[in-house]
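Got two chains here, separate frames each, mind docking them using the hints?
Protein sequences, first through last, are from chains G and D.
The opening residue of the first sequence carries number 1 in our numbering; numbering runs sequentially from there.
The opening residue of the second sequence carries number 490 in our numbering; numbering runs sequentially from there.
FYI, nobody ran anything at the bench for these hints, they're computed from the structure.
We put the CB at the ideal spot given by N, CA and C, even for glycine.
Just to be clear, a hint being listed does not mean it is correct.
[Unchecked claim] Stretches of chain G that chain D covers, calculated by requiring three or more beta carbons in the stretch to come under 8 Å of a beta carbon on chain D:
1) 22 to 35
2) 54 to 65
3) 110 to 121
4) 173 to 187
5) 248 to 255
6) 352 to 366
7) 468 to 481
[As the list claims (entries may be wrong)] Label pairs and their calculated CB-CB ranges:
8) D:Ala516 to G:Leu478: 27 to 37 Å
9) G:Ile70 to D:Pro612: 31 to 41 Å
10) D:Gly654 to G:Gln20: 35 to 45 Å
11) G:Thr13 to D:Gly539: 31 to 41 Å
12) G:Ala360 to D:Asp569: 44 to 54 Å
13) D:Lys620 to G:Ile70: 44 to 54 Å
14) D:Leu560 to G:Ala140: 20 to 30 Å
15) D:Gln542 to G:Trp366: 53 to 63 Å
16) D:Pro612 to G:Gly207: 46 to 56 Å
17) G:Lys324 to D:His659: 38 to 48 Å
18) D:Ala516 to G:Gly386: 57 to 67 Å
19) G:Glu18 to D:Gly654: 51 to 61 Å
20) G:Lys324 to D:Gly539: 31 to 41 Å
21) D:Asp569 to G:Trp345: 45 to 55 Å
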Amino acid sequence: MSEAAGQSFSTETPKELERQPLVLRKRSLAWISDKVCGIVEGPAPRWWKISITISFLVMLMCFTMVGYLITTGVGVWGLNHPVAWGWAIVNFVWWIGIGHAGTLISAILFLLRQKWRTSINRAAEAMTIFAVICAGLFPAIHVGRIWFAWWLFPIPNAHGIWPQFKSPLLWDVFAVSTYFTVSLLFWYMGLIPDLATIRDRLRLQAGKLKKPAEKFFNGLKQRLYGLFAMGWTGSNRHWRNYEKAYLLLAGLSTPLVLSVHSIVSFDFAVSQLPGWHTTIFPPYFVAGAIFSGFGMVLTLIIPLRSILKLEEIITVRHIELMCKVTLATGSIVGYAYGMEFFIAWYGGNPYELYAFKNRAFGPYAWAYWIMVSCNVIFPQLFWFKGIRTNMVAVFILSIVVNIGMWFERFVIVVTSLHRDFLPSSWGYYSPTWVDILTYIGTMGLFMTLFLLFVRYLPLIAISEVKGVTPQADPHHELGGAPAKKGGKG
Amino acid sequence: MAGTYGILAEFDTPAATMAAAEKVRDAGYTRWDVHTPFPVHGMDEAMGMGNSQVGWFTFAGGLTGYTVGMLMIYYMNKYDYDIVVGGKPLFSGFYAFPVSYELTILLGAFGSLFGMFILNRLPRHHHPLLKNRRFAKVTHDKFYVVIECDDPKYKEAAARKLLEGASAAHIELVED
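This is chain D alone, in the form it adopts within the complex (with noise of 0.2 Å):
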C-alpha cells in the first residue's frame, strides 16, 4: 500500500464518533486514531486506553526542583558563602522552603508540558492528515476516525466495510 497513508471516515456528531470508535476497538485494529475538535468525553474508553502518562513527568520535574532548590540553597548559604544573618542558622529547611516550594513547581510544570509532548511525539509539523484538505475541519466542527495502513490488521476493503458500518458521512483515502 505504497503512497497510502490510512483511511479516513468523517462524522457529523460525537455520539456516531464514539459508536465509531467502539466498532474499530472491537474489531482489533491498533494503529488507529480519532480526531476531534474538542476531548470527547468517554472517548479513551470507547478508544480502549488507559490513564495517561504524563504524571511521572509532573512528578519527576517536581522532585527535581524542591531537591535543586535544598541543595542550591545549602551549597550558597552554608557551605560556598557561610554568613551569619541576624544570628539565625546557616541553613534551615524552613527559610530554604519558599524557594524550593516554587522551583518544585516551576519544573513540574515543565515536565507537565514537556511530557505531554513527548507523550504525543509532538512537534510533528508534516502530518499526512494535515496535507488532507477535508481534515482541515477537524479543528472547526467534524470528527474523524482514521485506520493506518501500518495496522497488521489493515485491509482496506474490510476498513471500508467497517466504517460505512458506521454510518460515516464520508470516506476517504489519506495520501502519506
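Just chain G, with the same shape it has in the complex (with noise of 0.2 Å):
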C-alpha cells in the first residue's frame, strides 16, 4: 500500500455513513431460523385466532353476495347506463395493482441487488398471489353470465367459434392469469429450502415427542412439508442452479409486472373515450400500482413485525426504504394527475377537456379532491425522516395511499361513464349494498389467505436473509476468515 507524502488514507467507514446492518444484534444462523420457523411451529396465538375468525366469516359474505349476484342477476349491482363498469373494475384493478409491489420487491429490487428485500420478499409475494386472486374474481363475476366465463380462454367449444384476440380484455385474460402463475412458481421456488429447513426441524424434534398424537402430527407434516421441499439437500451443485433459475424468473418477472397493468390499462386507454383514451396510461398505471402495492405491504408488515416481534430482521430502515418508494412513485403519480390535465388543455379537444375539468368540478369532484389528497398530498409527508421513523405514522400513512388508489380507479372508471356522449344519457351511479359488502368481503378473501400463510409457512425467506448477514460471508470475519475485512478465505 502506497500512500500520497503526507496524506493519510482511512480505510474505515465514517461513522455518519455507516449503514445500519440487515439484521439487527449480530444475530446467529440459527437465531434466525428458529425465530422464523418458531411462528410456524409454535401453538396458534390468540390474536391468529381471533383474525382468522373475523376473516373467514367476511370472506364468507364475500361468498354469499357473489352468489346472490349469480342467482339473481347484475342488477343487484348499481350498474346502468351510462355506467356500465362500476366497481367490480375498480375492485379489479384496485387488487391488482396492490399485487405489483410484491412483484417489484421480489423481481425488480433482486435485479438492482437491492439486499434488503430479503427481509419482507416472501410476504410481499403472498401479498401478489392472494391481491391477484381477490382481483380475479370480479372480472369473471361482471361478464354477467359467469357461466359463459370460460369462452373468454381458447378452448374448443360446439359453435366453433374463438375468443376474438383484437379485444385488449382478452389481453388481460392472458396478462392477469400468467401473472398469478408466473408469481405463484416465483413464490413456491423461494419457499423450496425454507420449506427443507421445515422439514429438517421437524425431523430433529420427532425424537423428543412421547403423545402417540404428537408423533403422527409431527410425521404428517414431515411428509407434507417434505413434498413441497422436493428433497432440498442445501448441495451447492443444487445451489448454483437454484440461483441461476431465480435470476432468470426475477429476469422474467420484470417486464411481466410492467406489462400486467400495462394490459389493465389499455382496457381503458385502447377505447375512444374521453378521459380513458390517452397515451400516458400505461407509465402512470404502472406507477400508482406500485405505489399501491407499497402501501399495502406496510399495512401489513407494520402489525405483522411488532405482533411477532420481527423487528430485528425487518427493522425501522426497512421501513423507511419502502416509505421513499412509496413517497417516489406517490410523486410520479402526481406528475402524472397534472400532466393529463395539461394535455387536457393543450391538445385542444374540448371533449378531452371536458372531462378532466368534470372530474375536478363536477358532481364527482369529491372522489377526485378525495384521491388527490390522499395520492399525492399527503404522501409528500414521507420527506421527514420522522414520519418515516414513527411506526404509527408509516401505518396510518399506508392506508390513506391504500384509499386514496381506490379513489383513483373510481374516479378513472365512473367520472369518465357518467357523462355520456348525449347530455340525455348523462347519469349518476351509486354502488348498492351488494357492491359494498362484496368488496369488503374481498378483504377477508384476501385476510383469511395471508393469516394462513403466516401461520403454516415461513413468512420470512430464512435462507435468503442468512445469505445477507455476515456470517454468511466466507469474507468477513464472523463468517470464519481470519483477517479483518477482505482477506482471500
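Given below as C-alpha cells:
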C-alpha cells in the first residue's frame, strides 16, 4: 500500500456513513431459523385465532354476495347506463395494482441488488398472489352470465368459434393469468429451501415427542413439508442451478409486472372515451400500482413485525426504504395527474378538456379531491425522517394510500363514463349494498389467505436472510475468515 | 464399500467450508458436494464448477411461448374463424403481440423452474443424506462437505485425512 506523501487515508467508513445492518444485533444463523420457524411451530396465538375467525366470516359474506349476484343477476349492483363499469372494475384494478409491489420487491429489487428486500419479499409475494386471487374474482363475476366466462379462454367449443384477440379485454385475461401463475412459481421456488428447513426441524423434534398424537402430526407435517421441499439438501450443485433459475425468474417477472398493469390500462386506453383514451395510461398505471402495493405492504408488515417480534429482521430501515419508494411513486402519480390536465388543455380536444374539468369540479369532485389529497399531498409527509421512522404515522399513511388509490380507479372508471356523449344519457352512479359488501368481503378472502400463510409457511425467506448476514460471507471475520475484512479465504 | 454412501465432514463457518472445498477440488475428486443452508458466494469457483445451464430451458420455454401465441392467434382469428372486427386486418403481429408476450414469459418461467428441477435431478425424497441425523442441520446453521464412495479416487483413509486436514469439526460415514 503506497500512500501519497503527507496524506493518510483511512479505509474505515466514517460513522455517519455507516449503514445499519440488515439483521440487527449480529444475530446468528441459527437464531434466524429459530425465530422464523418458531411462528410456524408454536401454538396458534390468540390474536391469530381471533383475526382468522373474523376474516373467515367476512370471506363467507363475500361468497354469499357472489352467490346472490349469480342467482339473481347483475341488477343487484348499481350498474346502469351510462355507467356500466362500476365497483367491480374499480376493485379489480385496485387489487391487481396492490399485487405489483410484491413483484417489484421480489424481482426488480433483486435485479437491482437491493439486499434489504430479503426480509420482506416472501410476505410481499404472498400478498401479490392473494391480491391477484381477489382481483381475478371481479372480472369473472362482472361478465353477467358467469357460466360463459370460460369463453374468454381459447378452448374449443361446440359453436366452432374462437375468442377475438383484437380486444384488450382478452389480452387482460392472458396478462392476469400469466401474472398469477408466474408469481406462484417464483414464490414456490423461493420457498423450497425454507420448506426443507421446516422438514429438517420437524425431524429433529420427532425424537423428543412421546404422545402418539404428537408423533402422528409430526410425521404428517414432515411428509407434507417434505413433499413440497422436493428433497432439497442444500447441495451447492443444486444452489448453482437454483440461483440461476431465480435470477431468470426475476428477469422474466420484471417485464411481466410492467406489462400487466400496462395491459390493464389498455382496457381503458384503447377505447375511444374521453378520459380513458390517453397514451399516458400505461406508465401512469404501473407507477400507481407500485405506489398502492407498497401502501399495502406497509399496512401488513408494520403490525406483523411488532406482533411477531420481528423488529430485528424487518428493521426500521426497511420501513424507511419502503416509505421512500412510496414517496417516489406517489410523486410520479401526482405528476401524471398534472400532465393529464395539461394535455387535456394543450391537446385542444374540447371533449377531453370537458371530461377533466368535470372530474375536478363536476358531481364526482369529492372523489377526485379525496384521490388527490390521499395520493399526492399526504405521502409528501414521507420527506421527513421523523414520519418515516414513526411506525404509527407510517401505518396511518399507508392506509391513506390504499384509500387514495381505490379512489383513483373510481375516478377513472366512473367519472369518464357518467357523462355520455348525449346529455340525455347522463347519469349518476352509486353502488348498492351488494357492491359494498362484496368489496369488503374480498378483504376477508385476502386476510384469510394471508393469515393462513403467516401461520403455516415461513413468512420470511430464511435462507435469503441468512445469505445477507456477515456470518454468511466467507470473506468476513464473522463468516470465519482469518483476517479483519477482505482477506481471501 | 457396500452400505456406505460416502464420508461427511461438518464445518461451522462458510470460510472453513470453502477452504475445505478448495482442497477437495485440488485433490481431484469428482463425485463430491458441499451442502450449505444458503448459497455461499464464491463456492462455485471453489468447487471448480462452470456456468449453470438453466438458461437453455428458459430460452426454449420462451421461444415456444411466443411461437405458440402467434400461431394460435393466426389460426383462430385468420384461418379457422375469420371475422372482421372494426375494419382491422384479420391478422397482425401488433394485436397478437401482447398475448404472445405473456405466453413467452409464462412458458419461460415454467422452463426456468422445471429446468432447475431437471438439472438438479429433483424431486428426490429418498437421499442417503436425508436419513443422516446430523445432516438435518444443513438447513439450519451447519455446513457439510460430502465425498461419495462412487468417486473413482475414493479411499476412506485418504478422504478422512484430507477432511481432517481441512479442520472439519466432525467427520462420519454416511449409510447408503
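Taking the CB of Leu560 of chain D and the CB of Ala140 of chain G, does the distance hold inside 20 to 30 Å? Holds - the Cβ-Cβ distance for Leu560 of chain D and Ala140 of chain G, about 27 Å, lies within 20 to 30 Å.
Given the hint of 27 to 37 Å, check if Ala516 of chain D and Leu478 of chain G actually sit that far apart at their C-beta atoms. holds, 28 Å
At a Cβ distance under 8 Å, does chain D reach at least three residues of the region 110 to 121 of chain G? violated (count 0)
Could you say whether the range 31 to 41 Å given as a hint is met by the Cβ separation of Thr13 of chain G and Gly539 of chain D? holds, 36 Å
With respect to the beta-carbon atoms only, verify the hint that Lys620 of chain D and Ile70 of chain G lie 44 to 54 Å apart. Given range 44 to 54 Å: holds, Cβ gap about 52 Å.
Satisfaction of the hinted span 53 to 63 Å by the C-beta atoms belonging to Gln542 of chain D and Trp366 of chain G: holds, 59 Å
Look at the Cβ atoms of Asp569 of chain D and Trp345 of chain G and judge whether their distance stays inside 45 to 55 Å. The hint (45 to 55 Å, Cβ to Cβ) holds, given that Asp569 of chain D and Trp345 of chain G are roughly 47 Å apart.
Are three or more residues of the region 248 to 255 of chain G within 8 Å, CB to CB, of chain D? Since 5 is at least three, the answer is holds.
How about the region 173 to 187 of chain G: do at least three of its residues have a C-beta closer than 8 Å to a C-beta of chain D? holds (count 7)
Starting from the range 44 to 54 Å, see whether the pair Ala360 of chain G and Asp569 of chain D falls in it by beta-carbon distance. Holds, since Ala360 of chain G and Asp569 of chain D (Cβ atoms, about 49 Å apart) stay within the stated range.
Okay, Lys324 of chain G versus Gly539 of chain D on CB: inside 31 to 41 Å? holds, 39 Å
Per the coverage rule (Cβ-Cβ under 8 Å, at least three residues), is the region 352 to 366 of chain G covered by chain D? violated (count 0)
Hints 2, 3, 6, 16 and 19 from the earlier list are contradicted by this structure; the remaining hints agree with it.
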